[in-house]
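**Q** The chain contents come next:
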Amino acid sequence: MFSNLKRDLVFPTIGSGLLFAMLVGGGLLYSSFGATSRADLVTALLVNAIMVVGIQIFIGNTGILSFGHVGFGAIAGYAFAVLAIAPARKSTVIRNAPWNLNEVQLSPVMAGLVAVVVSLLVAVLIGFGLARSGAASGAVAATVITLALLEVTHELAINWTDLTGGDRAGLSFRIGQTIESRWPIYLALFGAILIARLFAQSKTGLLAQAGREDNLAARAMGINPTVQQMVALLVSVAIVAVAASLRVYQIGNITPNFFFLEYTLLTLVMLIVGGRNSVTGALLGAVIITIGSEFTRYLAGPSVSIPGTDWILRDGLSRIFLGAAMVGFMIFRSSGLVNDWELDQWLYRKTQSGRETAPSLPEVPEPPAPIRLVVEDVTVDFGGFRALTSVGITASSDEIIGLIGPNGAGKTTLVNVITGMVQPTEGKYFLGDKQLDGAPPRMIARSGLVRTFQNLRLFSSLTVRQNVEVSWTVAESHHLEKANLSVDEIIRQSGLWELRHRRASELDYGNSRRLELARAAALRPRFLLLDEPTSGMSDAESDRMIEQVRATARSVGAGVLVIDHDLNFITGISDRIYVLDQGRVIAEGTPGEVQADPQVQAAYLGSAAATD
Amino acid sequence: MTELLQNLVDGLGRGSIYALLALGIAVIFGVMHLVNFAHGELITVSAYVAYWLIQGGRNWYVVVPMIVLTATLTSIIIEAVAFRWVRGAPDFTMLLTSFGVHFLVQAAFVMYVSASVKTYARPTWIADTYNIAGINLEIVDLYTIGATIVTLAITVWILQKTMFGLSLRAAAEDFDAARLMGVKSDRVIRGAFALSGVLAGVASVFWLMRSGQATPSAGEGPMLKGVLAALIGGLGSMPGAVVGGLVLGVAEVLLRAYLPGSVASLTEGVVFVLIALLFIFRPQGIINVSHAERV
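For the protein sequence lines, the chains are A and B, in the order given.
With the working numbering as the guide, the letters of the first sequence map in order to residues 1 to 612.
With the working numbering as the guide, the letters of the second sequence map in order to residues 1001 to 1295.
Hints may be right or wrong, so weigh each one.
Label-pair ranges, simulated between beta-carbon atoms [claimed, not checked]:
{"#": "1", "chain 1": "B", "residue 1": "A1177", "chain 2": "A", "residue 2": "D488", "range": "53 to 59 Å"}
{"#": "2", "chain 1": "A", "residue 1": "H479", "chain 2": "B", "residue 2": "L1274", "range": "32 to 38 Å"}
{"#": "3", "chain 1": "B", "residue 1": "L1180", "chain 2": "A", "residue 2": "F385", "range": "18 to 24 Å"}
{"#": "4", "chain 1": "A", "residue 1": "Q435", "chain 2": "B", "residue 2": "A1257", "range": "40 to 46 Å"}
{"#": "5", "chain 1": "A", "residue 1": "P368", "chain 2": "B", "residue 2": "P1090", "range": "38 to 44 Å"}
{"#": "6", "chain 1": "A", "residue 1": "D315", "chain 2": "B", "residue 2": "Y1130", "range": "42 to 48 Å"}
{"#": "7", "chain 1": "A", "residue 1": "Q423", "chain 2": "B", "residue 2": "I1076", "range": "28 to 34 Å"}
{"#": "8", "chain 1": "A", "residue 1": "H479", "chain 2": "B", "residue 2": "R1084", "range": "47 to 53 Å"}
{"#": "9", "chain 1": "B", "residue 1": "L1274", "chain 2": "A", "residue 2": "V227", "range": "26 to 32 Å"}
{"#": "10", "chain 1": "A", "residue 1": "S353", "chain 2": "B", "residue 2": "L1180", "range": "43 to 49 Å"}
{"#": "11", "chain 1": "B", "residue 1": "P1090", "chain 2": "A", "residue 2": "R544", "range": "29 to 35 Å"}
{"#": "12", "chain 1": "A", "residue 1": "T36", "chain 2": "B", "residue 2": "N1059", "range": "53 to 59 Å"}
Simulated from the structure, these hints should not be mistaken for laboratory data.
Glycine included, every Cβ here is placed at the ideal spot set by N, Cα and C.
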């Protein structure tokens, strides 16, 4: 479940305890001076914090904006209220409740559990909807599905009066029947923080974050992001349901507007102000927004009067504050105050990174028995444009094959076809005896054909190490070939050891290319498909890249199909070369043979030589 | 049969309003990939302008152009104040920015006007019907449909025949390429917001004539419908947005008319469920706009 027990289990547990202690300690300190209303404010803050942490698990890990979590809250809140309120009380508002629910009474704990189960059932349905809609980070269709959930629950709450008591009455506990002690809230809060942190550090969490960073690259690394999205949704909804039950139990009643747009705004603002990709951030945001709302309410209240400020210090200021916080943060600091900073990871790096020792460079293993990649008669039409015409290629995993051709020759299209991202109009391709055409990109990646991208698609806000860990984790969980190299060894071999804790987005161009190669190698490929691995590099960098491609291929036992339009690079690295021009293979052979081919000189080298 | 025809015309009347809103949303999505949850604020602001003008004794002949003008100016102002600063940001950021603007405008009206409903006199002919061969048609539906046809015709002319329309379509196709070709991104985006504002203004006129109310959340309902219509049609497709609006309007009226009594009050909910189902089975909407990602 975790890749590194200390980093992913021990420190997050300690960190969760610290965050919990700071939040509760601060709250107790604040409420120990002053009126009892302060205690209520702190209770509300703690309950909202549970809710926000619950929402963070989904939005933070998947990058999908959900308006629906408060809708799940509505479902859970009503389930809790209907089951936990005493029958005598219910008989006045929901005398005709379906399934005689008006005569049922469960203990608050049991009612809360049922509320969790009911909202999880709805979450499964919504999860399938998200999966079908092809949800990716920031996907609009996914957001609208969640918005539809919020609207439908609101509509039901208003109109299904036999169950909900409708818009006016709502459902309420008898005075004195509401929550008596804060312990359930403490327990739920600590549990929520711990679960959120452990989820983010788990393998599932890491793969979800990879999908959030770049859905296409995640699929090219063998991930099916919808699986992690579903898990994140269920974990997140369970916590939201607990928070909603506590909110109803604490306040003592529920009406349709209780869990609707207003509360959606409040919780989303809390989440984004702190930093939606961080649990620490979610808690920080909850505190800041609670303080800010209270303060603006105080400023707008009767106890403050500053001449000339009547126009701004008036009722409704706290709503303006929330709206302005949302717009302001989106414009000036959309990743929130702390971005993805986590207290426990900071502690881990401070105390542990000095103890990490660079692994020695591994021995080169015996190469495995070679396997053949065969592409037969692949033709691709884009509308009326024929990008590839009956292209055939054969490569063995003990060689490096170059694919060269001028811009627009169809090189990248060929890689897209072989990795399942473009479906060929005609043609087949095989790895060994396994036919791969028609398979989705993630299955092709898991079968051993792994690509890099011409325009660099790293998981940019993950660290260098996490980028490699993502594909390593995929290889491990799908029981691909036994690994020759550990994550650290791969990083060391790529020359990125010193940079392992850096974010991928902070790397320079050459190191980004190296990381992309390392990430592909960690998936234990039989073939590496490299799309212009040296584009934009200087000659010296390019030579270093040749060395790294060779070393990587040898150490993971993979063949290489490398695409480029740079003749020196391709002839320097390849055992054999295919020349592509206008969608056709026009020559094939050793570097020497290809260079001597008159057709090649005319189509490609002639023009290249002229500009050189 | 006559009932069905009446419902169809009623649905097209409603649908025309949704179509104009959806088209505005599609135009903005085309140039900056923003789904504008603040589109309804154009209606909210117009609603208060209508309320104040009618309170002041103005005739609807004055109110109508003022509504269109208000919506257009509001659209341009919102772009300049908020959306300009998130151009090119990730979709997540833009979605939340527009959601935030929606709440800010709403909060401002609660703060400076009132949270309660302000009513104003609707046009005297609003409930009149027109009888053709035994079918009672509401005049306001006919006006709405007529005005929508004229507005759409002018919009098509702008998109097809003017330099601005060409740049706008080019930008919607491929923004970076359009910019390389010399399209001024700033001017196109501002123009798109202005056009979207005019379209919302025309929609507002008929929405507000029917409702007779100004509230801080007046635009929320129609905004949601506009966004949904744009999505039904396939986000980014302008013809799709118009079709989506009409489909949504007709579907709503027919569902309200023919759903069994106990469920009829949940029409909105049913519409949402149907739309969620549509996305599940056809995420790209009715009209497929291929935005294949380049790799």
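**Q** Has the hinted range 40 to 46 Å been met by the Cβ atoms of A/Q435 and B/A1257?
**A** At roughly 54 Å between Cβ atoms, B/A1257 and A/Q435 fall outside 40 to 46 Å, so the hint is violated.
**Q** Taking 32 to 38 Å as the stated bounds, is the beta-carbon spacing between A/H479 and B/L1274 within them?
**A** violated, 43 Å
**Q** Is the hinted range of 43 to 49 Å satisfied by the C-beta distance from A/S353 to B/L1180?
**A** holds, 45 Å
**Q** I want to verify a distance hint. Is the separation of the beta carbons of A/Q423 and B/I1076 within 28 to 34 Å?
**A** At roughly 44 Å between Cβ atoms, B/I1076 and A/Q423 fall outside 28 to 34 Å, so the hint is violated.
**Q** Between A/P368 and B/P1090, does the C-beta distance stay in 38 to 44 Å?
**A** holds, 42 Å
**Q** Should the hint that A/T36 and B/N1059 are 53 to 59 Å apart at their CB atoms be regarded as holding?
**A** At 57 Å between Cβs, range holds.
**Q** At the C-beta level, are B/P1090 and A/R544 separated by a distance inside 29 to 35 Å?
**A** Distance hint for B/P1090, A/R544 holds at roughly 33 Å.
**Q** Taking 53 to 59 Å as the stated bounds, is the beta-carbon spacing between B/A1177 and A/D488 within them?
**A** About 43 Å separates the Cβ atoms of B/A1177 and A/D488, which means 53 to 59 Å is violated.
**Q** Does the hinted range 18 to 24 Å hold for B/L1180 and A/F385 at CB?
**A** Hint holds: Cβ distance 21 Å, inside 18 to 24 Å.
**Q** Does the Cβ distance between A/D315 and B/Y1130 fall inside 42 to 48 Å?
**A** For B/Y1130 against A/D315, whose Cβ atoms are near 47 Å apart, the range 42 to 48 Å holds.
**Q** For B/L1274 and A/V227, compare the CB-CB distance with the range 26 to 32 Å and indicate the outcome.
**A** holds, 27 Å
**Q** Does the hinted range 47 to 53 Å hold for A/H479 and B/R1084 at CB?
**A** 51 Å Cβ-Cβ, so the 47 to 53 Å window holds.
The earlier numbered hints that this structure contradicts are 1, 2, 4 and 7.
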